[in-house]
Amino acid sequence: MNEKDAERAMELIYIAGNSKSIAIQSIILAEDGKIKEAKEKFKEAKEELHKAHDIQTTLLNKEVNGEVIEKTILLIHAQDHFMSASTVIELTERFIRMYERK
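Under full-length UniProt numbering, think of the first position of the sequence shown as 1, with each following residue one higher.
If you're looking for bench data, these hints aren't it; they were derived computationally from the structure.
Be careful, since some hints might not be right.
As the list claims (entries may be wrong) - List time: in silico DMTMM-like cross-link candidates among lysine to aspartate or glutamate, alpha-carbon distance up to 25 Å:
(1) K39 <-> E100
(2) K39 <-> E93
(3) K34 <-> E90
(4) K39 <-> E63
(5) K4 <-> D54
(6) K102 <-> E7
(7) K62 <-> E100
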């Protein structure tokens, strides 16, 4: 994997991890009955996930356009972080709605 793609993979790990952490903070706020704050934090988490998605899309487009992207453990790990963050984001939205109805 070239240095630039390795940097992008590390950036994807970092940003996806931030997104997931922020989403969990949002759930905690909702648990504590702070729904407005939870929604604001959730919006922040989604914005971070969007940044991660942009990186993933860039890598995918490079490969679709014929550039060889080496499949390394680092890239696989980055994709795992992205998918994990995406799942947590989806669940966070449902948790907030659930706590909001209480």
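Structure-based check of all given hints:
For the proposed pair K39 and E100, the alpha carbon gap of about 10 Å is at most 25 Å, so the pair holds. With a C-alpha separation of about 8 Å, the suggested pair K39 and E93 falls inside the 25 Å cut-off, and the hint holds. Distance restraint check for K34 and E90: the Cα-Cα separation of roughly 19 Å lies within the 25 Å cut-off, and the hinted pair is therefore satisfied. A C-alpha spacing of about 36 Å is found between K39 and E63, which places the hinted pair above 25 Å, so the restraint is violated.
A C-alpha spacing of about 15 Å is found between K4 and D54, which places the hinted pair at or below 25 Å, so the restraint holds. Proximity of K102 to E7 is assessed by CA-CA distance (about 44 Å); at most 25 Å being required, the pair is judged violated. Only pairs whose Cα atoms come within 25 Å are accepted, and K62 paired with E100 is rejected, the gap being roughly 42 Å.
When each numbered hint is compared with the structure, violations occur for hints 4, 6 and 7.
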